[in-house]
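Taken in order, these protein sequences are the chains called U and V. Going by our numbering, the first residue of the first sequence is number 21, and it counts up by one from there. Going by our numbering, the first residue of the second sequence is number 21, and it counts up by one from there.
Warning: the hint list may mix true and false statements.
Put simply, identical chains are the same to the list, so a pair is met inside one copy or across any two.
[To be verified] Once the Cα atoms are required to be at most 27 Å apart in a straight line, the calculated DSS-like pairs of lysine-lysine come out as:
1. Lys201 / Lys42
2. Lys182 / Lys96
3. Lys42 / Lys182
4. Lys201 / Lys112
5. Lys96 / Lys112
6. Lys96 / Lys42
7. Lys112 / Lys130
8. Lys81 / Lys283
9. Lys201 / Lys82
10. Lys42 / Lys283
11. Lys42 / Lys209
12. Lys96 / Lys82
13. Lys283 / Lys82
14. Lys81 / Lys209
15. Lys81 / Lys182
16. Lys130 / Lys201
17. Lys283 / Lys130
18. Lys112 / Lys81
These are computed hints drawn from the structure, not numbers from a lab. The structure presented is a predicted model; accordingly, all values stated were derived computationally and were not measured.
There are 2 protein chains.
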Amino acid sequence: MSLVIVGSVAFDDITSPSGSVKGVYGGAATYCSLAASYFTDVRVVAVVGDDFTSEYEAIFKKRGIDTRGIERSAGKTFRWGGTYTDNLAEAKTDFTELNVFEKFSPQMPKAYEDSQYLFLANIQPTLQANVRHNMNGVRLTGCDTMNYWIQRTRPELVETLKLVDVLLINDTETKMLANEKNLPRAAQKVLAMGPQALVVKHGEYGATIFFREGAFGIGRHPFRAPTLPLDEVKDPTGAGDSFAGGFMGYLASQQELNREVLKRALFYGGVMGSFAVERFGPERLQHLTREEIDARFQIFRELTHLE
Amino acid sequence: MSLVIVGSVAFDDITSPSGSVKGVYGGAATYCSLAASYFTDVRVVAVVGDDFTSEYEAIFKKRGIDTRGIERSAGKTFRWGGTYTDNLAEAKTDFTELNVFEKFSPQMPKAYEDSQYLFLANIQPTLQANVRHNMNGVRLTGCDTMNYWIQRTRPELVETLKLVDVLLINDTETKMLANEKNLPRAAQKVLAMGPQALVVKHGEYGATIFFREGAFGIGRHPFRAPTLPLDEVKDPTGAGDSFAGGFMGYLASQQELNREVLKRALFYGGVMGSFAVERFGPERLQHLTREEIDARFQIFRELTHLE
């Protein structure tokens, strides 16, 4: 089934202990779409500037991603610069140039309207809500957000969360959103805001999915997927977006939406995140095969599997 | 088979967001012995002062723990005070009064000499090495240490590690010991110092066991056990020692030492740690049943188990 992904396309300057790159293709919609493209039909909605040449569009097209929702606007594409030091979990932002992204108002092509899955990457919450209101036929909506929106647009975010089925955020964001330091209690508070399920991403430790009582007809026991301890993390940029792409893409590829499918989706999220960080930018996500992905899925499964 | 545990007995003053207690029974040997006592015969080696009354010894005896290795010395038992604020992963030490522990020189009763498993809780590395040298019949030696010894007695610790089969430490200690920020690379460096296996404890995210190539005849793929996300952590004191007790106690209860046994031991470690933190002090570890322990083991297993 088709998955629409709404978010940013960007060019990033990234410095990590493994090196430094300038103007590398990035943005949440890029990482997420490429990751999801190994599982299902992907349709992207984003805004780009004059510097988004055909070579960048070709990266999407090679992965079969529908780019009719990419709006071209006069000016430059969103640019971001970040530095990772020893703590690879968090980037220090060196600069943010919103450029054409500042006026982003997601436009859904007619051809996308029959999509059954929707992922709202990290953009202003009211824009997320507007997209969701215009997609009444969707079966499941996933959503990301960040500390910036939690702190500055909490009322708008709370409204958006009422329209969302699965929220995917990290530990810090969960605790900030709930104003509660204990993770399981914070998770229950976030679920009370609307989502059926909350995926909390723990970086190198994997992710946990918490469910509302009765969500998807599967009860409320949480489930956790590990990630493989990696010998080298070159560039953590886009790991969370790639996780979301693997998670949403796998869900969209399945007929049933049951506990086992959600568990596997959580594993596939971790798998795609682990590929993303192996190279600077989304390079690793462009040339994978489903066999490589499933081989890593098996390694992740073995990592915690008791006979 | 019998497990000897060498470490501290203490009285602790603890403050956490859940409350405050004074003079509660504690120490690494206490938590570790109580946790291990649900799996195997435990023999403890420690030093206590005049304030260690029969009521405290009775806590060990009720769990069938052999206390002949507890040396009574004139003076006060080791006392420690710590405060946990929002970050329950780390205590701020309010005071340390070593008292009789300052001159601790572990004496192994004759009756303990046929023990097959040995756990060296967190004490000065040369004392650990001396104990190990006097226990030549042991089948497997586990060991803990901390940042204090890594920073101040590195040469002594390096010598001790040559005598150890399994080292159990946390992420920060692993990276500090290896002088390496990447966890899997740090783990390989620590394994090169001597241990066959390294258990890295991740606090609320569980633990990972790394193996030397060919260790225990099982290859070197790591294995990770999760912990249950808990609604309330009252007192993290002793969680790591309880983990070690569950891990070592389960190993000592098994005839075979293979990959599956080591995996299950890692799960049991997490299970015992999760019980310990539910109450102040080691209270929860005194009145468990094996059925309660195995029920939680199943919950932990389900937490990451794919069909």
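27 Å Cα threshold - placement of Lys42 relative to Lys201: between (37 Å within a copy, 25 Å between copies)
Treating 27 Å as the Cα threshold, decide for Lys182 and Lys96: within, between, both or neither. neither (34 Å within a copy, 59 Å between copies)
Using 27 Å as the alpha carbon limit, work out where Lys283 and Lys82 are close: within a copy, between copies, both or neither. The answer is neither: 29 Å in one copy and 42 Å across copies each exceed 27 Å.
27 Å Cα threshold - placement of Lys112 relative to Lys96: Within one copy, since 23 Å is at most 27 Å while 49 Å is not.
Within, between, both or neither: Lys130, Lys201 at alpha-carbon 27 Å: Neither, since 44 Å and 49 Å both go past 27 Å.
Are the CA atoms of Lys201 and Lys82 at most 27 Å apart within a copy, between copies, both, or neither? neither (44 Å within a copy, 37 Å between copies)
Between the shortest in-copy and the shortest cross-copy C-alpha distance, which are at most 27 Å for Lys112 and Lys81: within, between, both, or neither? Intra 32 Å, inter 54 Å, cutoff 27 Å: neither.
Pop the pair Lys201 and Lys112 into one bin, within, between, both or neither, using alpha-carbon distances up to 27 Å. both (24 Å within a copy, 18 Å between copies)
At most 27 Å between alpha carbons: which applies to Lys42 and Lys283, within, between, both or neither? Result: close neither inside a copy nor across copies, 37 Å intra and 44 Å inter.
Please sort Lys81 with Lys182 into within, between, both or neither, judging by C-alpha distance up to 27 Å. neither (34 Å within a copy, 56 Å between copies)
Intra- versus inter-copy proximity for Lys82 and Lys96 (alpha-carbon distance at most 27 Å): For Lys96 and Lys82, the Cα distance is within 27 Å only inside one copy (24 Å; across copies 73 Å).
Go through the copies and call it for Lys42 and Lys182: within, between, both or neither, with a Cα cutoff of 27 Å. neither (39 Å within a copy, 46 Å between copies)
In this structure, the earlier hints numbered 2, 3, 7, 8, 9, 10, 11, 13, 14, 15, 16, 17 and 18 are contradicted, and the remaining ones agree with it.
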